[in-house]
Amino acid sequence: DAGVTQSPTHLIKTRGQQVTLRCSPKSGHDTVSWYQQALGQGPQFIFQYYEEEERQRGNFPDRFSGHQFPNYSSELNVNALLLGDSALYLCASSPRTGGYTFGSGTRLTVV
Amino acid sequence: RKEVEQDPGPFNVPEGATVAFNCTYSNSASQSFFWYRQDCRKEPKLLMSVYSSGNEDGRFTAQLNRASQYISLLIRDSKLSDSATYLCVVNIGAGGFKTIFGAGTRLFVKA
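Order-wise, the sequence lines are chains Y and Z.
According to my numbering, the residues represented by the first sequence are 139 to 249, in order.
According to my numbering, the residues represented by the second sequence are 492 to 602, in order.
If you are wondering where the hints come from, they were derived from the structure by calculation, not from laboratory data.
Watch out, some of these pointers could steer you wrong.
Derived DSBU-like pairs: lysine-lysine, alpha-carbon spacing no greater than 30 Å straight-line [what the hints assert, rightly or not]:
| id | chain 1 | residue 1 | chain 2 | residue 2 |
| --- | --- | --- | --- | --- |
| 1 | Z | Lys-493 | Z | Lys-536 |
| 2 | Z | Lys-536 | Z | Lys-570 |
| 3 | Z | Lys-570 | Z | Lys-601 |
| 4 | Y | Lys-164 | Z | Lys-536 |
| 5 | Y | Lys-164 | Z | Lys-601 |
| 6 | Y | Lys-151 | Z | Lys-570 |
| 7 | Z | Lys-533 | Y | Lys-151 |
| 8 | Z | Lys-589 | Z | Lys-536 |
| 9 | Z | Lys-570 | Z | Lys-533 |
| 10 | Z | Lys-533 | Z | Lys-493 |
| 11 | Z | Lys-536 | Z | Lys-601 |
| 12 | Z | Lys-536 | Y | Lys-151 |
| 13 | Z | Lys-589 | Z | Lys-493 |
| 14 | Z | Lys-533 | Z | Lys-589 |
| 15 | Z | Lys-533 | Z | Lys-601 |
Just chain Y, with the same shape it has in the complex (with noise of 0.2 Å):
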């Protein structure tokens, strides 16, 4: 049973680029989560898709989009790169009733 996938794990960017990062959830999940984790702190709750809309919005600027598409995967972009967008981005699926599983995660550094 494939868990949650995302690509890629590692990717270089420079300031002012944009990037887009994918999400496979786990089978059986509709419900994708995107998460900012920096280094020494908790994951960061970025937003949540559903039914392909965005359901719920953490604190985090337009410069962050999304989408779901209708096999529930995902993509999380990011326009005009600063360097306080390095972090380690976490997807997590999960049912409608929540209980997540994460992926791996991308390690994002912007130089």
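Chain Y is already provided as a structure; the job is to place chain Z on it using the hints.
Quick look at chain Z alone, frame taken from chain Y:
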């Protein structure tokens, strides 16, 4: 004030010790509660849910006090393999929910 607050630690304990972590949450609309464990440079993994009546899973006991908006995790007979960061997690809202993580408490168990 952060929505979920934890003592960052670190807690340094010898093998066999009992250690307790506390967590407070500020949003009274919080519906469900969890403890996650995160190893260094790995994704968070669900350790256990937290129920109002308190619940136990082997050496781990979780307690919830809704009146005080307080959650705890007790680890008995600590093992070296318990060394990790423990994240307190709160789901806010019913139906569409937002999951908020604490910054985590670091535990080091030493021989």
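Looking back at the hints listed earlier, which ones does the structure fail to meet? 5, 6
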